[in-house]
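Taking the hints into account, I'd like the entire structure generated from these sequences.
Basically this note's numbering = 1-based index in the sequence shown + 742.
Think of the hints as simulated: they come from the structure by calculation, not from any bench.
Any given hint could be a false lead.
As the list claims (entries may be wrong) - What follows is a list of derived Cβ distance ranges for each label pair:
#1 794 to 834: 40 to 46 Å
#2 767 to 842: 21 to 27 Å
#3 761 to 781: 29 to 35 Å
Quick reminder that beta carbons are idealized off the backbone N, C-alpha and C, glycines included.
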Amino acid sequence: MHELGITRNIVSIVAERAAGRRVTKVVVEIGKLSAILPDAVEFCFDVCAKSTPLEGATLEIVEVMADASCRDCGEQFLLATLIEPCPKCGSKALDRKGGDDLIIKHFEFLEETDEDAIEQTREAS
743 MHELGITRNI VSIVAERAAG RRVTKVVVEI GKLSAILPDA VEFCFDVCAK STPLEGATLE
803 IVEVMADASC RDCGEQFLLA TLIEPCPKCG SKALDRKGGD DLIIKHFEFL EETDEDAIEQ
863 TREAS
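And the structure:
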């Protein structure tokens with residue numbers, strides 16, 4: 743289950759970027775062709791976030807399909823699996839782009855200023 747290691751890395755990266763502030767939400771994109779199981783990442787998140795600035799944060803996972811184009815007929819379409827043929831001509835001669843990444847899109851955190859807690863959003867890049 744490599745999702746445990748992946749989730750630990752997500753928590754570690756966000757905790758470092760949050761610089762000690764309490765994180766309330768993390769949004770990640772997981773490509774459908776990445777061989778990462780979103781349900782497993784979600785399952786591991788609370789355990790990995792325990793005793794970190796991410797404890798209690800929500801995890802939002804957005805699944806992303808790949809862009810594909812058929813080399814035989816030129817059809818362009820979205821691809822959810824590696825074994826899908828072209829929907830127009832049935833060819834498996836495809837050029838694929840994306841859909842195999844895991845990206846931390848952004849996270850939200852609380853920043854204490856004087857007596858008020860203000861929720862901030864920070865881009866992960």
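Could you tell me whether the CB distance from residue 794 to residue 834 stays inside 40 to 46 Å?
At 44 Å between Cβs, range holds.
Residue 767 versus residue 842 beta-carbon gap, inside 21 to 27 Å or not
This hint holds: roughly 25 Å between Cβ atoms.
Is the hinted range of 29 to 35 Å satisfied by the C-beta distance from residue 761 to residue 781?
With a Cβ separation near 30 Å, residue 761 and residue 781 satisfy 29 to 35 Å, so the hint holds.
Checked against the numbered hints above, the structure breaks none of them.
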